Structure formats: structure tokens, C-alpha cells
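Q: Chain residues, written in single-letter form:
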Amino acid sequence: MGEIVLSKVMKSFGGVEIIKGIDLTIADGEFVVFVGPSGCGKSTLLRLIAGLEDVTSGTIAIDGRDATDLPPAKRGLAMVFQSYALYPHMSVRKNIAFPLRMAGLPAAEQQRKVEAAAKILNLTPYLERRPGQLSGGQRQRVAIGRAIVREPAAFLFDEPLSNLDAALRVSMRQEISELHQSLKTTMIYVTHDQVEAMTMADKIVVLNAGRIEQVGSPLDLYRSPANLFVAGFIGSPKMNFVEGAEAAKNGAHTLGIRPEHIDVTADGPWSGTVGICEHLGSDTFLKVEVAGVGTINVRAGGEVPLHHGDPIRLTPQPDKFHRFDSAGQAA
Amino acid sequence: MATQASRTAGRLMLSPAVVLLFLWMIVPLAMTIYFSFLRYNLLMPGTEEWAGFDNYHYFFTDPAFWPALVNTLTLVIGVLVITVVGGVALAVLLDQPMWGQGIVRILVIAPFLVMPSVSALVWKNMLMNPVNGLFAAMARGLGLPPYDFFADAPLASIILIVAWQWLPFATLILLTAMQSLDQEQMEAAEMDGAGVFWRFWHLTIPHLMRAITVVVLIQTIFLLSVFAEILVTTNGGPGTASTTLTFLVYVQSMLQFDVGLGSAGGIVAVILANIVAIFLMRMIGKNLET
Ligand SMILES: Nc1ncnc2c1ncn2[C@@H]1O[C@H](COP(=O)(O)OP(=O)(O)OP(=O)(O)O)[C@@H](O)[C@H]1O
Ligand SMILES: [Mg+2]
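One line per chain: the protein sequences are B and Z, in this order. Going by the UniProt record's numbering, the first sequence opens with residue 1, and the numbers climb by one from there. Going by the UniProt record's numbering, the second sequence opens with residue 1, and the numbers climb by one from there.
Simulated from the structure, these hints should not be mistaken for lab results. The model shown is predicted, which means the values in this text are computed figures rather than measured ones. By construction, the Cβ of each residue, glycine as well, lies at the ideal position given by its N, Cα and C atoms. Worth double-checking, as some hints may not be accurate.
Just so you have them, the derived chain Z footprint on chain B, three or more residues with Cβ under 8 Å [to be verified]:
(1) 72-78
(2) 307-320
In silico SDA-like pairs for lysine to any residue, Cα to Cα no more than 20 Å straight-line [to be verified]:
(3) Z:LYS286 with B:HIS89
(4) B:LYS320 with B:ALA331
(5) B:LYS184 with B:ALA153
(6) B:LYS113 with Z:GLY193
(7) Z:LYS286 with B:ARG130
(8) B:LYS8 with B:THR25
(9) Z:LYS286 with B:MET90
(10) B:LYS74 with Z:GLU190
(11) B:LYS94 with Z:LEU107
(12) B:LYS203 with B:PRO218
(13) B:LYS94 with Z:THR61
(14) Z:LYS286 with B:ARG129
(15) B:LYS94 with B:ARG112
(16) Z:LYS286 with B:GLY132
(17) B:LYS74 with Z:GLY193
(18) B:LYS94 with Z:HIS202
(19) B:LYS94 with Z:TRP24
(20) B:LYS238 with B:GLN174
(21) B:LYS94 with Z:ILE205
(22) B:LYS94 with B:GLU151
(23) B:LYS94 with Z:MET186
(24) B:LYS94 with Z:GLN185
(25) B:LYS94 with Z:ILE284
(26) B:LYS94 with Z:GLU187
(27) B:LYS94 with Z:VAL81
(28) B:LYS238 with B:ASP263
(29) B:LYS184 with B:GLN174
(30) B:LYS74 with Z:GLY195
(31) B:LYS74 with Z:GLN185
(32) B:LYS8 with B:LEU70
(33) B:LYS94 with Z:TRP198
(34) B:LYS74 with Z:TRP198
(35) B:LYS287 with B:PRO269
(36) B:LYS74 with Z:LEU93
(37) B:LYS94 with Z:GLU190
(38) Z:LYS286 with B:PRO131
(39) B:LYS74 with Z:GLU187
(40) B:LYS74 with Z:VAL196
Given these sequences and hints, build the entire structure.
A: The structure is reproduced here in C-alpha cells:
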């Protein structure tokens, strides 16, 4: 129903290449997340799939049909925008019914679908309100409702949660995941929040400067990043990169060690001084100046009685090392 | 302006300006009201005496009064319709990305910067003149008899000139409103399958309603007092065909030197303007609320 295949998709704006040849297959029912730094072309790629921008070259196939030149309304995709893009002078009911009305469905049928969507999204009490009278989370749900009723081949989300506060973001994130579980429709989700990417995705596509750096399941990317960019992008706090003698000793040009794979021990091989120390209760993040290695971020579990300036010894876990060659590729 | 002290200080600092503006407004108004109750003719100085409502009586029974009232309303409504419809159309066009956008936008604003008397003269002598005018030349080129605009359709001609002057204002206000239209909303509607015209009627126009209201309210204030264009072109004629209330007041107080009658006319015009304003606020004022 919702397989999307991009081949050699390129996009330039006024001679500047923004999307530089993307080959990607999104299987039916998959939850795919596009992540990448700001300006890397995530939104542009999503808009190309939606048909809101024309590709410069390459093809987009939806459901095995070439959709490269189809107008957005004919692609059978529904998009949820970052700004919600609700119609301000229509009630919630009319907003949700809108795509059905455009499709020419009978009024009774429209109402039935709107009621059903409102029920799934807990919007029933708000159906007669205007978007301006709703909270951010409710507006987001209306936008999702408007997408659901179309029964699209795939949902496209462009940073749908970035206007919400942290707590609401967590609960909406779970709602969208649940929605995906129950609808089993293909979803493409753009975000630059890697927690969203890791928690929601079946498959993460890491983009950088208009190219795909790596595609894989969240844990694939965490366990075996293909290159330095992905290694640095996935994981929080960021992976430590060590170069020079210490790396050479382990047979790599650059050695990557995640902060959670370094233990604080009494007799570790690395000795240093604690710099910044962030006590979160559940974790303690330490910035340690290690002689001959550099600044190393360490994630120590639980409460650790260390403070700025304390001497410390560290033991990296050798089986969790990531080795990269001089070109930045995983060795 | 949160605390009591800062509010008081704020009021104190504002008061000179408020008092000045108030006097500025109230003194002429009071004098006009006072004069309107006097028999006050400049040709007979020193004979001013209380006249009661005589001036009003003469003004209302003046054979030119009703035509002038109708002409005033026709002028205002005609110009409003042309500028709002034309302004929306131009705003939509100018909002499209195109080559030379900056220059085109400046050109569109240009008519607003021309003084009313000058533009009226240009229209009268260079465009609408039945002998030398551009339109007459075009008509002759097509083998048609030239049309004498100011003789045959004086009020319509004036409406055209005034609309031409105010179109840039409407366009400018509507264009800025246009630019604040959420593009994502349009794209969402496009994805939902709404056509261009549907989007225009149901998204663009509702979004522009507030700006249209502003245009209508501001223009009405100025259009009720259109004067130079009439003086320069038709002088209110032929007969009273293009005499508005403003022009009638001028005719009576200046040409007949009757300050009392003119003042009464002025007060009538003020009352009319207020009636129109109340009507407008009732009808479209709710668009200004958020
Ligand atoms: N219509 C356009 N015209 C010209 N350049 C554009 C246009 N749209 C996007 N770009 C450029 O394309 C690049 C990618 O933009 P895009 O919006 O896809 O980034 P993004 O990955 O979504 O970033 P963010 O995370 O900040 O939303 C940017 O450098 C942007 O300047
Ligand atoms: Mg974006």
C-alpha cells in the first residue's frame, strides 16, 4: 500500500544543489525517520516526496507507480506540518472533514469518519471549536486527524512536535507511535531530535549536506556507525573521538568511545582531572581532562561523589571501541 | 506600565499631547457649530446675529443638497469597490515571485505620491480630454467618436480618478497582509486537493478580511472629503451632477461668502461621516477583533 522508492533524486535551488542524489526504499508500513543537522535538506526531501517541490532529476515511485510528476493531491500522501497549518476560520470538525469534502464524499460519510478520527485522537469535546481556541498539543492532534481521515498511503511529518514543550513532546511522541502501531501505515518523520529518532523509528535515515550517510535501525546506528558523522550524531552525550598515539595503539586513525562505555575505576589506565560535572541524579556527566588523550566525556551511572578539580582514573571498555580510518569511515 | 506609579507618570506625560490634540479638534468644531447658528455673511460684515436653525433649514432645502448627498455616497462606494477589488487583484499579482519585483512595486505606489490636484489635471487634460486626450485619440484610432468624459459621465470620471489615486494604498496594505499568509496552510490545502480558486476564496480572502476592513475604514474617512479632484475637473457640474457635500459646503461658504450656511453644511457633513462610520463599524468592525 505505501511503498515509496526514491532513485537518484536530486534537487537544486537556483543552481545550488541541496539534495545530491538520494536512493532510498521505504517499505510499506515502515516508520522511517529522517535526521540530520539543520539545513541538511530533510524538509526539502520530505517536500519532494509530498510533491510540494519538483525534483530536478531522479524519480519517486509510490506503490510501484511513478509519481514524479503527479501533483501533491494525487499522490495519496498526507502531511502534518510543523506549524500545524490548520484553517483558522473553520471549526475543528470542518478542518478534519476538509480533505473528505475536497474528495467529494457524501456528508454523512464525512461525519462518520471525522467522529471516528476525533475519537482516536481524543478530540471529540473540541470538534466545534476553532483552532485558535486550542492548545498546541490539541492543534497538533487536529492536524494529525486531518491526515488520518484521508487514509493515505503514507504520512509525512515535518518536525511536528518542535513547537511543543518537553512533557507534551514525550506524550505526543508516544501517541504517534501508538497510532503507527494501530494504523500500520507508512510514516516518514523528520526531526532533528535524536531521542525522537531513536525511540520512534523502525529505520533511521541520517542525512548530511544533501546525502544519506547511513540507513539502519536505531540500534544498528548506535552499535555500528558507518562513519564519524553518524558516530558523532547518534548518541547523547556525543561519542568521544581520540586521535594520535592512543588511537594508533588500538589500530585506528580515530578511536570512538561512547561516554557510557567508560568506567570510573580506582586503577584505570587513563588518569585525569574532573572538569565540568553535571549531577542529574540518575546519571552524572563528567568532562575529564585526560593527560595524553584529551578531553573525554564520561557518563557515570547514578550519583558519583566527584567535583570540579578532583583527580580521577578511567577505564574504557575495549570491546566497545569504534575504529575509524583516516577518511572517517568505520574500519 | 505595571505599577500604579508608572501608570500615573504615563498619564501625566501623555496629557500635554492629549490636551493639545483635544483643543486642536474641539476648538474648530465648536467654532463651526457656533457659526452655523449665526447669520454670518462675509459680504455684510458686522451684521452677524443669531439665526437659530435657519442655516440648517436653508442647507437641507437647497436644491443641490439631495443630489450632493447621493453623489457623495456614490463616490465613496464606487471608489471603495474599485480599490478593494483592484487592490486584492494587484496584491495577488505582486505577491507572485517575478523579475523586477522591486521596481514594479514602486511603480504601483507612485500614483499615491502625486498630489490630487496634479493627478486630476493630468487626467483631465492629457487622458480624458475629448480633443487632446489619449482616450479620445484611441477612440479615433478605432474609428469611434471621442467620448466627453466630464460632460457625459462627470461623477463616474471623478470616481475613476480618485480610485486610481487610492488603488496604491489599498494594494500596499493588502500586499503586506498577503505576505503574512501562512504558506504551509496553502500547501496543506493543496495536498488536501483544494484547487486554486477554492484556496483563494476560502483561505486568501478570509485572511485578507482584516486588511480590507482597514482599507475601507481609512479610505472612507478621506473619500468623504474629496475636493481637489472635483474643483479641478468639473467644478461640481454640469449642474450638480458631480457636486458632493464637501463641494457644496465650499460653494456656499466660499463662493456665496455665507459662512453661516457653510458651517451648517460642514456640521451636516460631520454628522453624515459619523453615521457612515457607525454603520461601517457595525458591519465590518468585528473583523478587527482578534
Ligand atoms: N525554496 C528554497 N529556495 C532556496 N533554497 C532553499 C529553499 N528551500 C530550502 N532551501 C535551502 O535548502 C537547504 C536545506 O533546507 P531544508 O529546509 O531542507 O533543511 P532542513 O534539513 O529541513 O533543516 P531544519 O532542520 O533547520 O528544518 C537549506 O540550505 C536551505 O537554505
Ligand atoms: Mg526543516
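Q: Take the hints in turn and mark each one as holding or not.
A: How the hints compare with the structure:
1. 72-78: holds (count 4)
2. 307-320: This one is violated; 0 residues, fewer than the three required, reach chain Z with a Cβ under 8 Å.
3. Z:LYS286 with B:HIS89: holds, 14 Å
4. B:LYS320 with B:ALA331: holds, 14 Å
5. B:LYS184 with B:ALA153: holds, 10 Å
6. B:LYS113 with Z:GLY193: holds, 18 Å
7. Z:LYS286 with B:ARG130: Distance ~16 Å between Z:LYS286 and B:ARG130 Cα, so the pair holds.
8. B:LYS8 with B:THR25: It holds: about 11 Å lies between the C-alpha atoms, which stays within 20 Å.
9. Z:LYS286 with B:MET90: The given pair, whose Cα atoms are some 17 Å apart, holds under the 20 Å limit.
10. B:LYS74 with Z:GLU190: holds, 10 Å
11. B:LYS94 with Z:LEU107: violated, 41 Å
12. B:LYS203 with B:PRO218: Given that 20 Å is the threshold and the Cα spacing comes to 7 Å, the pair holds.
13. B:LYS94 with Z:THR61: violated, 56 Å
14. Z:LYS286 with B:ARG129: This hinted pair holds, its Cα atoms lying about 18 Å apart.
15. B:LYS94 with B:ARG112: Distance of about 13 Å is within 20 Å: holds.
16. Z:LYS286 with B:GLY132: holds, 16 Å
17. B:LYS74 with Z:GLY193: Measuring from Cα to Cα gives roughly 8 Å; hence the hint holds.
18. B:LYS94 with Z:HIS202: holds, 12 Å
19. B:LYS94 with Z:TRP24: It is violated: about 51 Å lies between the C-alpha atoms, which goes past 20 Å.
20. B:LYS238 with B:GLN174: Given pair B:LYS238, B:GLN174 is violated - Cα atoms ~25 Å apart, limit 20 Å.
21. B:LYS94 with Z:ILE205: holds, 18 Å
22. B:LYS94 with B:GLU151: This hinted pair holds, its Cα atoms lying about 17 Å apart.
23. B:LYS94 with Z:MET186: Since the Cα atoms of B:LYS94 and Z:MET186 sit roughly 16 Å apart, the hinted pair holds (cutoff 20 Å).
24. B:LYS94 with Z:GLN185: holds, 15 Å
25. B:LYS94 with Z:ILE284: Given that 20 Å is the threshold and the Cα spacing comes to 24 Å, the pair is violated.
26. B:LYS94 with Z:GLU187: Status holds; Cα separation ~17 Å.
27. B:LYS94 with Z:VAL81: Roughly 31 Å separates the two Cα atoms, so the pair is violated.
28. B:LYS238 with B:ASP263: holds, 16 Å
29. B:LYS184 with B:GLN174: holds, 15 Å
30. B:LYS74 with Z:GLY195: Distance ~12 Å between B:LYS74 and Z:GLY195 Cα, so the pair holds.
31. B:LYS74 with Z:GLN185: holds, 18 Å
32. B:LYS8 with B:LEU70: holds, 18 Å
33. B:LYS94 with Z:TRP198: holds, 15 Å
34. B:LYS74 with Z:TRP198: Measuring from Cα to Cα gives roughly 17 Å; hence the hint holds.
35. B:LYS287 with B:PRO269: holds, 17 Å
36. B:LYS74 with Z:LEU93: violated, 27 Å
37. B:LYS94 with Z:GLU190: holds, 16 Å
38. Z:LYS286 with B:PRO131: holds, 18 Å
39. B:LYS74 with Z:GLU187: Roughly 14 Å separates the two Cα atoms, so the pair holds.
40. B:LYS74 with Z:VAL196: holds, 15 Å
When the structure is compared with the earlier hints, violations turn up for hints 2, 11, 13, 19, 20, 25, 27 and 36 and for no others.
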